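As a plain string of letters, each chain reads:
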Amino acid sequence: MSKESSSFFEKKEPKKLLLEGLRGKCRLGPPAGERNRHKPRKPTSKSFLLPRARRIFFKKEVLAFLLVFLPSLAFAQLVQRDGVTLTQAQETRAENIGDQLRCLVCQNESIEGSSASLAHQLRVIIRQHVVAGDSDQAIMAFMVQRYGIFVLLKPPFSPLTFLLYASPFLALALGFGAFFLARKSTPPPPPPLTESDRARLEKLTES
Amino acid sequence: MTTRRNLLYAAPLAAVALAGAGFYTILRRMQSNDYDPHALPSPLIGKRPPPFTLPGTNGQQGFSNTDLLSPPRPMLVNWFASWCGPCAQEAANLDILAQNGLTIWGIAYQDSPAATAAYLSQYGNPYTRLAADASGLTAINWGVYGVPETYLIDKAGIVRWRWAGALTDQVLMGTLGPMLHQYA
Amino acid sequence: MIPELGHFALALAVAIAFAQGVIGIFAPGLRDPSAMRAAPALALSHFLAIGAAFLALIYAGVVSDFTVENVADYSSSLVPLIYRITGTWGNHDGSMILWCFILSLCGATVAAFGHNLPASLRARVLGVLGLVSGGFLLFTLTVSDPFTRLWPPPLDGAGVNPILQDPGLAFHPPVLYTGYVGFSVAFAFAIAALIEGRIDAAWGRWVRPWALLSWCFLTSGIALGSWWSYYTLGWGGYWFWDPVENAALLPWLSGTALLHCAIVVEKREALKAWTVLLAITTFSFSLSGTFLVRSGILNSVHSFAAAPDQGLFILALLGVTIGGSLLLFAFRAPVLAATGMFSPLSRESALIVNNIFLCSIAAVVFTGTLYPPVADLLFGIQLSVGAPFFNQTVLPLTAPLILAMASGPLLPWKRAALRPALERIWVAALIALVVFVVMTGESNYITALGLAGGVWVILSAITDIAERTKFLRVPLRDSATRLTALPRAAFGAALGHAGFGVMVCGIAGMTLAAQKVIILAPGQSTTMAGYTWTLDALHDAPGPNYAARIADVTISAHGKPFLSLHPSRRIFVNPAGVTTNDAAIHTNFFQDIYVVFAAEQSGGAELRLNYHPLAPEIWFGGLIMALGGALSLSDRRLRIGAPARAKVKKPESLPA
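Residue numbers (this note's numbering), protein chains in the order written: chain A, 1 to 207; chain B, 1 to 184; chain C, 1 to 656.
Please note that the accuracy of each hint is not assured.
As the list claims (entries may be wrong) - Below, simulated DSS-like cross-link-like pairs (lysine-lysine); rule was C-alpha separation at most 30 angstroms, straight line:
#1 C/K470 x C/K414
#2 C/K267 x A/K203
#3 C/K414 x A/K184
#4 C/K267 x A/K184
#5 C/K267 x C/K470
#6 C/K414 x C/K267
By construction, these hints were calculated from the structure, which means they are not laboratory data. Small disclaimer: the values here were computed from a predicted structure and weren't measured.
Please work from the sequences and hints to get the whole structure.
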């Protein structure tokens with residue numbers, strides 16, 4: 001199941017645990033009071049708590065938590081972005097799609113990070129399509145149909161972009177190849193001493 | 001093998017020479033305006049405009065894609081807005097084109113009717129038909145990413161050319177003129 | 001009057017630079033000692049001339065002399081003093097003057113501190129620097145002259161771009177340019193060595209401080225730029241794979257490879273041709289970066305106004321410099337005899353593997369950045385290569401790099417045996433593995449990989465020091481003695497690697513960043529990352545050349561507010577209508593809380609809330625790397641240089 005099932009407020013649930021962990025280790029952020037058992041905790045299997053505590057939680061606190069918060073579940077799961085209401089998971093999906101599309105009126109930004117009005121409109125359209133249930137490929141195809149492959153921040157893999165995608169492998173092959181070639185060929189013997197060099201040698205060995 | 005070693009040492013020079021030749025060509029093309037790194041080719045070229053219907057504005061008749069299926073002569077569809085500076089710059093050239101018999105249909109992009117009317121009374125109205133795309137959604141379907149943009153539609157209803165930016169004299173003489181001859 | 005003097009000084013600098021170039025290159029061939037001594041003198045006067053021009057331009061900006069076209073276009077009287085000064089290099093023409101100034105500074109520094117260099121080598125190095133400077137000065141004087149006049153002068157200037165009205169502008173370009181241009185010295189040394197036909201350990205000893213100094217500045221410059229865009233642009237991003245950012249990364253990658261190669265030349269007399277090639281390549285990347293940014297070929301937020309004519313001039317400069325140096329390399333490099341041999345498992349090999357990976361990353365970044373114009377040229381298609389591509393190709397290449405980096409310092413020179421090498425690494429590797437397993441459980445495996453890699457590099461740097469002090473193998477007091485006796489370069493290297501590890505940890509932490517875009521009315525709150533974020537109020541505040549709207553945001557944990565932030569939006573008067581977002585950032589050095597006031601709608605504010613774990617580590621890592629480099633530079637051995645025969649004072653030599 002997606003990450004949004006146990007998170008009602010944040011973008012990614014596992015992140016929060018890392019943050020809590022960091023905070024706990026470094027004594028930063030909210031004081032230990034947050035660990036108070038009476039504060040409703042999100043039910044999760046990836047908890048720092050001991051199994052025994054988890055079982056106690058499950059019996060009393062989660063029930064109370066569900067009773068209090070179940071009605072607000074419907075509202076809490078929804079977020080609003082650019083005037084479109086959608087669930088957190090849909091918002092995450094829309095943001096991932098938006099990160100791969102170029103803002104056409106900006107210079108080298110994605111439509112997620114841009115404040116241009118065209119970017120805003122495209123974000124709205126993406127979210128409407130996501131809510132309607134279109135797949136990622138369909139939404140990307142929608143954009144490419146209208147703006148060409150220029151709108152994709154990562155060009156599609158085709159014979160024309162083969163060199164681009166092969167560049168890491170080619171570079172490594174060239175590098176290691178040059179290394180082995182250079183090692184195999186013996187260096188040329190040093191050239192014989194010239195007159196001036198011979199004179200210098202004599203002077204140095206004399207003194 | 002000294003030859004192999006020498007080839008190895010000369011390889012960077014060869015690569016750089018190739019790159020230099022490439023850059024030189026790119027720069028020359030930029031100078032002659034054959035290449036603009038900021039320009040976008042329109043995927044509509046070679047195809048018919050997408051399905052749409054837009055209401056008229058300023059007391060004029062709007063149009064839909066069915067009206068563009070087979071124009072009697074090659075025509076222009078010009079996207080503009082009253083809040084757009086370069087649109088005002090190209091208005092004079094559009095007036096000249098219209099006076100010389102070229103059919104131009106206009107679409108006001110994300111504009112209020114009052115603002116459009118004021119703009120047209122100030123800069124002239126070269127449009128035989130004038131539609132309004134208040135939401136901007138039709139523009140997205142066309143692949144319009146800014147104003148002004150001008151599309152040339154030939155007698156078969158196919159988009160043959162798209163220019164993003166103001167129609168300057170250079171563009172008129174150098175590009176639009178030959179295009180009109182070609183698709184006359 | 002002053003701008004005229006500056007203009008004259010610029011022209012004078014062109015003449016002196018070319019004189020320096022010609023005399024410096026040909027004097028050693030003529031074996032004329034007085035001509036060879038002329039080169040440092042010319043370098044110093046060249047520095048004074050361009051310095052005078054630079055000061056004249058700054059003066060014109062400070063007094064707001066709008067008869068100077070550059071000042072009228074890019075400054076105004078409403079701008080605070082600091083930005084009238086630093087705005088000098090906020091545009092194309094002024095930044096070229098800064099570039100030339102730093103280039104001349106490099107030459108002057110070689111002239112002033114290069115006493116221990118043989119006269120012929122020093123003359124040739126200064127000669128090459130003079131020719132390069134002359135070329136760029138000629139470009140500045142003819143095509144991008146900042147001293148052109150405007151008559152009649154406008155009542156007020158057009159103003160400094162609001163995004164540039166920030167302390168970052170004062171530091172980022174000068175530091176970055178010093179890094180770029182500083183590699184010209186290593187380049188000059190490489191050309192001089194090719195002309196002379198000889199590279200030895202002494203050459204390696206002389207080149208290393210210059211390469212290290214430039215590398216420190218370039219590292220700091222890139223870190224500063226990344227930090228500046230992080231807190232100024234307001235999207236919480238710190239690296240966008242923008243073409244100009246890539247143009248700065250390329251010389252850094254090859255410069256790091258150069259640095260490591262120079263060590264091998266100095267200690268082992270091997271890899272000579274590689275070092276020379278890397279020195280040429282690094283400076284070539286710096287020059288290409290200038291070219292790409294100023295020619296208009298690339299689509300970038302940073303690029304100056306597109307000017308294909310200027311691009312052609314710079315291309316010609318590049319052709320002469322890079323083409324000429326590589327031609328010299330093709331002919332003369334075979335003469336550089338390699339004398340050092342080493343086995344496949346040794347520190348030399350690890351350094352080579354490290355360099356291959358660094359250069360591969362550089363090749364990928366280069367290809368990706370230039371693919372759009374080349375694809376248009378060859379295939380006639382327009383495509384974009386942006387952040388998703390670079391992230392997916394570069395990050396997998398850094399994994400083997402980290403492997404090589406962590407194990408390299410623990411291998412001995414020339415020939416290493418596998419078992420002792422493994423014995424040294426196992427502790428660090430084990431801890432890294434534990435970190436990986438734990439973090440995979442808590443987050444995802446990519447973040448875990450990043451954190452484990454960063455931790456491993458830091459631990460291997462500590463292990464390196466521990467190995468050198470024979471920690472836990474000899475009594476502690478002996479270890480302490482060894483520690484104090486260690487040369488600073490050893491600490492510098494360990495610190496440099498540790499800094500990279502810290503940066504990698506920071507980047508890994510940022511992959512777990514939380515972000516939320518929300519519209520709040522005053523009094524409303526929302527939650528994210530375990531905190532409650534409340535918008536208290538919106539109010540106005542005036543500024544020198546802008547009007548600001550400020551949002552007061554309080555962040556609470558468990559009902560107790562602990563932080564108050566005030567992001568603002570500035571609406572500028574001059575230039576009119578431009579709005580910037582001033583992000584409010586709170587850092588406790590292990591995480592950042594970041595709020596941006598994006599827009600105001602119907603009485604409420606659209607806020608972007610960000611939570612960035614480990615973000616400050618990215619820039620601390622860069623800082624630590626630069627500090628490591630500086631520490632290495634302060635090593636006594638590098639300043640003394642190669643030993644010279646002691647001058648024995650004989651009584652007979654006193655004047656009679």
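Structure-based check of each hint:
1. C/K470 x C/K414: This hinted pair holds, its Cα atoms lying about 21 angstroms apart.
2. C/K267 x A/K203: 27 angstroms, holds
3. C/K414 x A/K184: Given pair C/K414, A/K184 holds - Cα atoms ~17 angstroms apart, limit 30 angstroms.
4. C/K267 x A/K184: OK: C/K267 and A/K184 at ~22 angstroms, within 30 angstroms.
5. C/K267 x C/K470: Cα-Cα ~22 angstroms, so holds.
6. C/K414 x C/K267: 11 angstroms, holds
Hint violations for this structure: none, all hints satisfied.
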